[in-house]
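Given chain A's structure and the hints, the job is docking chain B onto it.
Protein chains in written order, with the working numbering: chain A, 91 to 222; chain B, 5 to 816.
These aren't lab readings, by the way, just hints derived from the structure by calculation.
Computed from a predicted structure; not experimentally measured.
You may find that some hints are simply not true.
[Said to hold, decoys possible] Below are the DSS-like pairs computed for lysine-lysine, each with C-alpha atoms no more than 30 Å apart in a straight line:
#, chain 1, residue 1, chain 2, residue 2
1, B, K571, B, K806
2, B, K571, A, K107
3, A, K186, B, K721
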Amino acid sequence: MEEIIYWNIQTEKIIMKNFIVSILLIAITSLLLQLYLPWWIIAVTAFAVALFIKQNSFMAFLSGFIAIFLLWTVYAFILSSANENILVVKVADLMKALTKGSPAILYLITGSVGGLVGGFGGLTGSIARKLK
Amino acid sequence: MKYFKLFLSLSITLALIVALNSKIGQIPPFGKFLNPFTGFWQNAENVKTWKDEEANLDGLKEEVKVYFDDRLVPHIFAKNDEDLYYMQGYITAKFRLWQMEVQTHNAAGRVSEVAGEKALESDRLQRRIGMQYGAEAAQEYIAKDPESKKLIDAYCKGVNAYIKNLNPKDYPLEYKLLDYSPEEWQPIKVALLLKNMANMLSVYEYDIENTNFIAKFGEENFRKLYPDYWAGDDPIVPIGTKYETPNTKHETTAKLETRNQKPETYANALQKPDEINGSNNWAVSGSKTKSGKPILCNDPHLQLSLPSIWYEMHLVSPTMNVYGATLPGSPAVIIGFNDSISWGVTNAGRDVRDWYKLKFKDDSKNEYEYNGAWLKTEKREEHYKVRGGKEYIETVLYTRFGPVVFDENFGVAENKKFLAMRWTAHLPSNEFKTFYLLNQGKNYTDYTNALKTYTCPAQNFVFASRSGDVAIKEQGLFPIRNKATEQGKFLSDGTTSKDEWTDFIPADVNPLSVNPERGFVSSANQHPTDSTYPYYYPGVGVYEQFRNRSINKILADGKEIDVEFMKKMQNDNYNLFAQEVLPVMLSCLDMSQINSAFKPAIEKMRTWDYYDNPDSKAAVYFEEWWSTLRDWLWDEMLDPNNPMKRPNQVVTIQLLQTDSTSEFYDIKATRQKENRNETVTYSFQLAMQNIMAKYHHPDSVTDWGTHKATRIAHLGKQEAFSSLNVYNGGNIGIINATNATHGPSWRMIVDEGSMKAFVVYPGGQSGNPGSKFYDNMVSTWARGEYFETNFTHPGDELRWKKLFTGTYKPKK
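Same shape as in the complex, but just chain B:
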């Protein structure tokens, strides 16, 4: 009996320990997670005491000093570049390790190793679009450049030195929550991070969507609703700029011919990023500024997240003194400035990804047709080590047109519709080198030299120098496209070489504007050029139509520009789109149909100043009405079986202005056929009803800032670690392009006159939800305010407040 009691008690104790030490479903291992010695309580960072740190690190060559300022921005002072990047890796890991790893796991299609079965489909997508394949190509290529390899290796060594010395009790909180440990940081991860950016930014093509549209609505409608260019556009390189005719070598050889697309629809297309993804940048010449020196500004609009996509750093070595936004997990500064120059980026949005329909010889898919012959497919086996499940293995086919993304094993099964994807992100490239050279750049020549080899994701690099130059260049590797066949606008034939990429546009003829007469350069994801640019590129539905014009108007009118002017400008909430569309919408309203309770809302919109300011009520009415109208007007394109792209805003305004009976006005969900005025009126009624349902009475409607309720979500989708209901203004198409989930992920103003820079981002330097530096800049960002950076020149006394100092020495 006694032995039985002992056995029972012992069993309960052991069972309890095992249960509390294991992750069960979504529930973290309670014993591990809750005990204050190694569990989450250890991540409750002391808010007051910051101790100086000293360490001897394996692989460091000389002593490195790191000073942390009062926003926890590290200022790294190294005696050589290898040590500089070693410490950049070490310090970044110290504050952002989990983020670095989760982002690269995501790029590599390895999230299911941590999150289990539920992440398998998204992992498969990443592998099938060749993210890992592209990263491997890039890494191989980088390894051929000894200097790049040495510096990237140094960065990885730094990250690994941090991981190696990391006690499990100090693991970032998310590791404890999900119960796993960090792995070694390999150079491939640096390449993966860049592919992650490419997958966010270089995916603006609508081949399948356009093909579907023509199949369903015909070519004539397509021409009308999806123009390459439109009147009143304001490209990056000013209209009227003369371009040299390309030398014949680069001219396309294909003869003019009609596209022989069979009218066929396709069920599979990749989901496109949020429409608001985009950015602003501009630089103003000394002729327009108070100081007589240029001022440069940049704000990249991305999905807002905690930890933030950016990590702010100051890097100093004998070859450079550079400050700005870094990408955690990758060496060098991506957007920033040094003592001589400043630069920033916006996304180019050029079409660098084409889809090809393939024909296989037989079901083995060992061979595919190409110019009347059969070519061998390459097979790549992908392994997914699904946590808590069986390993999943699949074979992805590779062809000269890239990986076969959609076949009977992936996406909606469609008979014989094998779709391969050719993408510049698969090409060998070394983007690190561009940033390394920019970080050390002294002048315009260094800037153009740094950009030359930059491949993907293509960016508009804005530039300003202390010596007075401003410039902007669209840089990336772009396939030469046949204008006659509009190559790349539609699904291409993968059985011939007819639509195949043959060559790329040389970097020196990429769109460029240097010290233009108007005294400024700018970009906001609009067309890089007007239609006289000698190289064809599809312009369907991707190019910005409003922010560019708002920016250029302010800059053209601006005189005696200073930093305060720029701060106001980056936070400008003027809605040019509303100014152009709202009068048309109002004029189409059938007032006899309007519920009298909704009439005050109409009055509010009539007298609106078109600012999407946080305290505006009219903005709530307008934005709700417009989004309802858009959904109904273009409901024909919301077909879940045949993905299509909705026409852009300029086209929409034009249609509303000039055509009152187009077939597209019809609301598919109703039985009768609506015309323009009916759809506009019904959409207004519905929008008001929705507002009523939310706020009980149209008069009690809350303001735009509260209604929009911007959320900065935790990367692991934990609401408790997110910043919710951030109060601010702006929206898509507005310079302050902040909607509910996306917005300026980094705002920077560099004054080349005073060498002062002002920055802010919606997050904090620490990735730890238990740190007061986790989200401390969010409210400053939301208010449109900035922090002056503590940029110093080598040898300067560091006068600013130091939180703590790290001294790192080589291990003997």
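Bound conformation, chain A alone:
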């Protein structure tokens, strides 16, 4: 009984470790590659990371989503802060059908758009991994 619990804890640790490593790897590689390549390269990085790091499909999706969501929103936030938010307010207004004029919602949409693509990239990678 104790062994099983120990085993479970160990497994959860590994799952957590893989999850966090995946997020970091996807975020960092995406950051570097996006300096030179089109935005959708994020799907490729999430795919590649999921191919090499073992995770179940759900976690692979989640790590792709979170990695890109964070990368995009944090970078957008840095750019916008240096801009004293002049532009984010205007673009939120421009897209008010979606954002209701709120910059916060614009960040959320920005992160989610990237997150979804990263997530599906990760999901596809994890499925492909199972075929090996």
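Leaving out everything else, chain B in the frame of chain A:
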């Protein structure tokens, strides 16, 4: 199963990427647009850090230094003129690229390439009035002048050097929003920009409108309501100036004859620009100024936009040291000053566009009748590469009377009413040369020499020199018109040479005033001359009647004039029109009919000082009442099937004063027949009801500045990138001619005594909505304040604050 899952997941991923990478309808490609690495976030310009810039540029001859001051005005120091214009192009592109391109796409009828189907009709109009055709003629002509060609080519090279080095992540925001890329900047675009100005400014003719009016209301009414001249007018060249009789060579040969216009109406006429389009300029001699040297002022009134139509620059080379407003996309300074002279422009408004009704031999339209013979039409195929749709192709016919704008393929289809348009904007010309020479001008002789060849759009060029001269000249190419037949006032017969242009008025007899006795020169789009000017020009409904008199009165009374005086004057909100019309309107009111709740409004207007100041409430009552009255009084001319021009304000006042029963008082929308007092009273009631509906109670009416709510709209019609509800005063007919959408697009005061200049415009130096320099001058402009320019002489130490410096070297 596993393979199916993989296939499904992969498909979703790819579909997502494709969807987010494409523009769908009006929606930008979300992935491209929202990602912070290449999307719109990249246009969020850092507000604090400005880095010095260094670049090696292909085609530059020597090193050029560019210093940006604290308003982001570039001061370009080059060692030769080619490098100067190269860098003017490069720097302008850096801050205004999208604007440059969208304006030339608009002129060329190419907006549908970007915006799709919805822009096709307006594109077709541009092609059919020959904008591209005229630009091609101008470009060909310019190419024959090696110096002009060299300098314009240098400008284009500069723009292209910027475009070539431009990373997609740094594209102006609008390219990302509409998902397209900038194209190469060719010399034709410089010509197109000028045609764009011509299409804004040289279109003041009412041939078809006048013809329609006569057909519907008869010649007698026309004479009464559309006079060429009127009492009390104050032309640019002072009344009483003697003109030389033209030498016989230029006299028209046609004999006096009655116009043989058949009373026929026409459904098609081109839409005319906003009535408020116009400008003020004036220059005061040293005899009237504190410093004893001239002061020159100019404020062109145009549609207000962001980015602004003007871009402020300081250009220095061994041949010139010039500062002022440039037109993004075109080399040289358009309105400005240098170390010796200053100049400014207002629109001449002369009729330089005539319509001719043609007769074709048969439906093939291969031949048209001319003096009893058949002439061949030229056919020009126009291609429209409509985005997201099929290419649209049409043939536009060209004749000796210009392009056939309206036929069965365009406008309201009318049987056999083929209308061709002759326009000076189609003639070969080189306006760049005028500005190039003005930019280097040293004195009055240089000024007249520079103006000589200027063709279109005709302008009133005001001038002042450090050596003490002031002058104003109306310059453009004007057809010699037959006064006896009032040629050009009505639709002309295109089957004969009778109404054809034969020659043009020589530049040296264009209206001119130099150092007049009264100590100042001025223009505000009024008549250039009184009726003794030996060349006939139609004066129907285009010439200003109020701003000119307000300006001349202030300047005539002015003594010890200084820059502060001029600042106040350019922002003067006195409504001379209201002063003349309101007492008449009030006297026509039937007080027994007036709702007692509206009586305080009448009291407010009675005690009004006639200033359309932003905090005035009386101005709100007056302006609303007048516009309602005008719509009802001249409702006969608001016939959508037969376009007509409404009579001008002076005529309106006269009618109200002298005629109480004219048929025009009748309100067409009602069954009974109204007289003057009834229409005036009803219009007051309606105006007050409208104000009530908006503000709930006439006493709670807001002030003029808030009510007028001037908007400076984004060129791409994005409200989020516009400046809305700008609080200021003024209106049409007032020196500060700012209404809800138009106004002084550039205010400039140059003091030749101290060589100091003061400028402001309702915008900012950057075209990027994400820059703090996008609209930073709007509030200063609205308050009527100015910035002193950082004009320096070569070799001077640059003492002002520099935001950053650019050093550009030739590429090895």
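Verification of the hints:
1. K571(B) - K806(B): holds (27 Å)
2. K571(B) - K107(A): With Cα atoms ~70 Å apart, K571(B) and K107(A) exceed 30 Å; violated.
3. K186(A) - K721(B): holds (15 Å)
The structure is inconsistent with hint 2 alone, although it conforms to all the rest.
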